[in-house]
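Asks: Chain by chain, the residues run as shown.
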Amino acid sequence: MKKTFTCVVCPIGCELHIEFDPEDISPEQIKVSGNSCPRGEKYAKSEIVNPERTLTSTVKLNSKILPVLPVKTDKPISKDKIFDAMHIINGLIVSAPVNAGNVICKDFINKGVNLVACRTVSE
Amino acid sequence: MEQRIKIAIIGGGPAGLAAALGAYESGIKAEDILIIERDSCLGGILNQCIHAGFGLHRFGEELTGPEYAERYIKKVREADIGFITDAMVLALNDNKDITYISPTTGIVHLKAEAVILAMGCRERTRGALNIPGTRPAGIYTAGTAQRFVNIEGYMPGKEVVILGSGDIGLIMARRMTLEGAKVKAVCELMPYSSGLARNIAQCLDDFQIPLMLSHTVVKIHGKERVTGVTIAEVDSSLKPIPDTYKYISCDTLMLSVGLIPENEVSKGADIEIDRVTNGAVVDNFRQTSKSGIFACGNVLHVHDLVDFVSMESELAGRSAAKYVTEGFSGENKSDTVPKGGVRYVVPQKYYGSSIDEKTEFFYRVGKNYRNVSLNVLADGTLILKKKLVRAAPGEMGNISLKGEALDKARKASNLVFTIEEGENV
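Heads up: the protein sequence lines correspond to chains E and X, in order. The numbers in the first sequence follow the numbering used here, run straight up by one, and end at 123. The numbers in the second sequence follow the numbering used here, run straight up by one, and end at 1425.
Next comes chain X alone, as it looks inside the complex (with noise of 0.2 Å):
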């Protein structure tokens, strides 16, 4: 089948949900947009996120997942906005086609005017670690352990031990033990922990679970079935140092180290991918290297906050919106440049003229900071300062631009962002 739209969303979770209202609002008809998911519902992530804390930032108070994601489908639906769902997106080109499959279609060839990658991102498995030992039933990524429990309605195990400190391991041992499991201990390689720091408290310090730093798995034990780990603290090259060898009889090990991007269909549109965030290189726009093709929310960087995938992914829509109707000038991008303990900025490119009070640049640092300085240089020449109490890898932060820093900004060839320690901040 030969189908034509407008506007195509690859993933019907918060940010393709958020990009086709952005889309819509800027005076897109509601038919011109089609949403592409391949679960069966609308929501992505969110449905299976039972926790509260979404939508502080975007809505003013805290809603569990389900809701948040419920407000965008309601919208979409009273919008009227196309959407499939059990469709899998197969292929996209450079000329934006989109291949995909689902039971009530067959295969559809699609020509779009503009894409829009709304994909998300994947958990990091076992295989992404080469753990050692036995391949026996009970490792999960917390993210599939979730979908069991909270949305399968299983459960995975009853004594858990769980390897890395993201959001979303934490999140997991507190629902395991809600649920009756015991979490035996939350491992982190490293010597601090992604996840929030909210979530180490009422997650894991509310039931009295251990979290050990600098520690990981070494090995994992098991014929049928997980029978236990060996866990072992690690050196500052974050070598497991052999005396500390300790092992915990447990039937669950979960994996919450790191999420990745999703973008296995946008490689074959060839776009070009930041090597440290895996997502695409996108300008202020949220368009990718390639015209007509834009990108957001986790398959771009991975957020800590759906607010800010919904904020970036109505941008995304606003843009695509901007690109099916007028289209963008020619204008040279100007590139920002990530320095001296600044691991990225998104957006990596962006049109001088364009960038307005709006602009937000989000970033994230290396390590752990306290009373630093994030400044952001415009052709070498400081233009602001921005004050930080504390800056954490786990914790994306954002800056805008104003005023006289904004005129600066938009004249410059580059924007460098880097922190400042010490004596002068």
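Next up, chain E with everything else stripped away, as it sits in the complex (with noise of 0.2 Å):
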């Protein structure tokens, strides 16, 4: 089976060419071309296995500067969760100060992966 994309790992955008067979899609068996760095391969190989993005949004947060800070996934989740993590991230209420990097959420959706502050807010 032959599929064609864009590769999403970083602003180049490369037109990725994948074949595989729909019944082995072990990553060795799936042959990409059109990458121009190792990244792409891996992304590819990824996108037909178990395909998955980096989440980023808001949580409600309570502070006398921002009505909301902003949170990413420190991981990439599997695409098909994004909604559930929507779901979730909706529900949270974070109080200031926070910092820059800190868990918001751990272990949120998979395993291994924490929902993370990506703004400093003092008070």
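Everything labelled a hint here was simulated from the structure, so no lab data went into it. Careful, some of the hints might be misleading.
For each label pair, taking beta carbons as the anchor points, the in silico distance ranges come out as [stated by the list, open to error]:
hint: 1; chain 1: E; residue 1: Glu123; chain 2: X; residue 2: Lys1411; range: 56 to 66 Å
hint: 2; chain 1: X; residue 1: Pro1191; chain 2: E; residue 2: Ser95; range: 46 to 56 Å
hint: 3; chain 1: X; residue 1: Ile1248; chain 2: E; residue 2: Ser33; range: 37 to 47 Å
hint: 4; chain 1: X; residue 1: Ala1091; chain 2: E; residue 2: Ser95; range: 34 to 44 Å
hint: 5; chain 1: X; residue 1: Val1337; chain 2: E; residue 2: Glu123; range: 47 to 57 Å
hint: 6; chain 1: X; residue 1: Gln1208; chain 2: E; residue 2: Lys75; range: 19 to 29 Å
hint: 7; chain 1: E; residue 1: Lys31; chain 2: X; residue 2: Asp1205; range: 19 to 29 Å
hint: 8; chain 1: E; residue 1: Thr4; chain 2: X; residue 2: Ile1101; range: 49 to 59 Å
hint: 9; chain 1: E; residue 1: Ser78; chain 2: X; residue 2: Gly1380; range: 52 to 62 Å
hint: 10; chain 1: E; residue 1: Pro38; chain 2: X; residue 2: Lys1219; range: 43 to 53 Å
Computed cross-link-like contacts, DSBU-like style, restricted to lysine-lysine with a CA-CA straight-line distance of at most 35 Å [said to hold, decoys possible]:
hint: 11; chain 1: E; residue 1: Lys106; chain 2: X; residue 2: Lys1075
hint: 12; chain 1: E; residue 1: Lys64; chain 2: E; residue 2: Lys111
hint: 13; chain 1: E; residue 1: Lys75; chain 2: E; residue 2: Lys45
hint: 14; chain 1: E; residue 1: Lys42; chain 2: X; residue 2: Lys1182
hint: 15; chain 1: E; residue 1: Lys64; chain 2: X; residue 2: Lys1029
hint: 16; chain 1: E; residue 1: Lys45; chain 2: X; residue 2: Lys1387
hint: 17; chain 1: X; residue 1: Lys1158; chain 2: E; residue 2: Lys79
hint: 18; chain 1: X; residue 1: Lys1386; chain 2: E; residue 2: Lys2
hint: 19; chain 1: E; residue 1: Lys75; chain 2: X; residue 2: Lys1182
hint: 20; chain 1: X; residue 1: Lys1349; chain 2: X; residue 2: Lys1408
hint: 21; chain 1: X; residue 1: Lys1182; chain 2: E; residue 2: Lys3
hint: 22; chain 1: X; residue 1: Lys1358; chain 2: E; residue 2: Lys42
hint: 23; chain 1: X; residue 1: Lys1182; chain 2: E; residue 2: Lys79
hint: 24; chain 1: E; residue 1: Lys75; chain 2: X; residue 2: Lys1074
hint: 25; chain 1: X; residue 1: Lys1075; chain 2: E; residue 2: Lys64
hint: 26; chain 1: X; residue 1: Lys1367; chain 2: E; residue 2: Lys2
hint: 27; chain 1: X; residue 1: Lys1158; chain 2: E; residue 2: Lys3
hint: 28; chain 1: E; residue 1: Lys79; chain 2: X; residue 2: Lys1246
hint: 29; chain 1: E; residue 1: Lys60; chain 2: X; residue 2: Lys1184
hint: 30; chain 1: E; residue 1: Lys2; chain 2: E; residue 2: Lys81
hint: 31; chain 1: X; residue 1: Lys1367; chain 2: E; residue 2: Lys45
hint: 32; chain 1: X; residue 1: Lys1184; chain 2: E; residue 2: Lys45
hint: 33; chain 1: X; residue 1: Lys1387; chain 2: E; residue 2: Lys3
hint: 34; chain 1: E; residue 1: Lys3; chain 2: X; residue 2: Lys1367
hint: 35; chain 1: E; residue 1: Lys31; chain 2: X; residue 2: Lys1387
The beta-carbon is built from N, C-alpha and C at its ideal position, and this holds for glycine as well.
Since each chain comes alone in its own frame, lean on the hints to assemble the complex.
Replies: Next comes the structure, spelled out in structure tokens:
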């Protein structure tokens, strides 16, 4: 089976051509061309096996300065769990002070993936 | 109030922050630098760009906008570089006199030895497009909507049509979808998107949002609030085709139809403006047509990537430092000339003796190309040929000169940048 899609790893956006056997999607068996770096090949394979995305959003913040705090998953999560993740994010409330990098929610969606703050808010 | 400063920087976004650090790292004392920022905090537009994708070139990792900003803000604070927030620059003249106002200082007349323009850009609005129809609530530029959602915490609407496929529009299509809105279509007047290919993939394709190329909004409906828009396909001369009119009900129309460098303040100093970039005409030090006034970042030309804004602004900062400590020589500047497919080149001028291996030239092309070459000619002689697998109006390119090509460029009175198509490529 053949597939063509755009690499989202970096702003270059290479057009990736993927050839694989739908019966056997082990990464070694997937052929990738069109990528200009190894990260493109890795992305193409994960896109066939288990597509993942880093999710960014905001959570409600108790603060004198800002009403919402930007957050992100510190690792990519499965693409099909993105709306489940948004549902949890929309129920979270954080209070200042908070530092960029602080874990807001541990083992978020997947074990080993944390939701972290992206901005420092002092009060 | 009267105030004096060595280097004044107008704007505390990515450009202003990097320019301040560039000047500081060149030996200018922290107290001799002042960043003037109109928002209540430093960081500029990065604070509302909560998506990831910043810093791959600069830091070798993928950061969100606020994280990228914070790295620079931290350095500025650690160096104790002066800055004032909630301060709006009202005027600048070619004598480098700045007038700004803030609630804590009142009106201040600031005399600077060098000025760095780092005001960024603004979005084109409905008024710039002349879309017919009523004037209800619910029409936003994509960046304004982005501020509402990501900073203020409000949702601007539930059913959205986006006109224009610039990166902010694509990013907002995803953001609105994640927050529960229905994005019904992204219409793009041109037959290609001006956004990055990766953003079409991860912001539209991931969520099955249709991208309608060669389509535009011909009418906005609604009295109090937007109730819908009429869209139409356009022909090759970009005129709407009558029998393709289609009504889409929605409560929100977002516009992502281009950015314009914000040069109102620069005009007071009578700075020469490039009619293509809408930014200042600068030399390779990023000095404008007025001695001691520099420009960098999106106020100079609209960039795709903040990484390049930072690099360019550090250069402007170093140049301003050089200007206030030793000055520039009076040697003549040469011109860069965009031709045949190349829309613009920045810098527009250069000092021959001062361009070195680190001198990069940024350019944009006028349409989509595949397998072409970018040729650089020094006084009519080809000195460099760079193969481009593809080139697109939405993607800024850069080219640097080395070795023999560099020697020839130094002696030339003009450098022509042009796209070559066909067999010889």
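Asks: Of the hints given before, which are not true for this structure?
Replies: Of the numbered hints, all hold.
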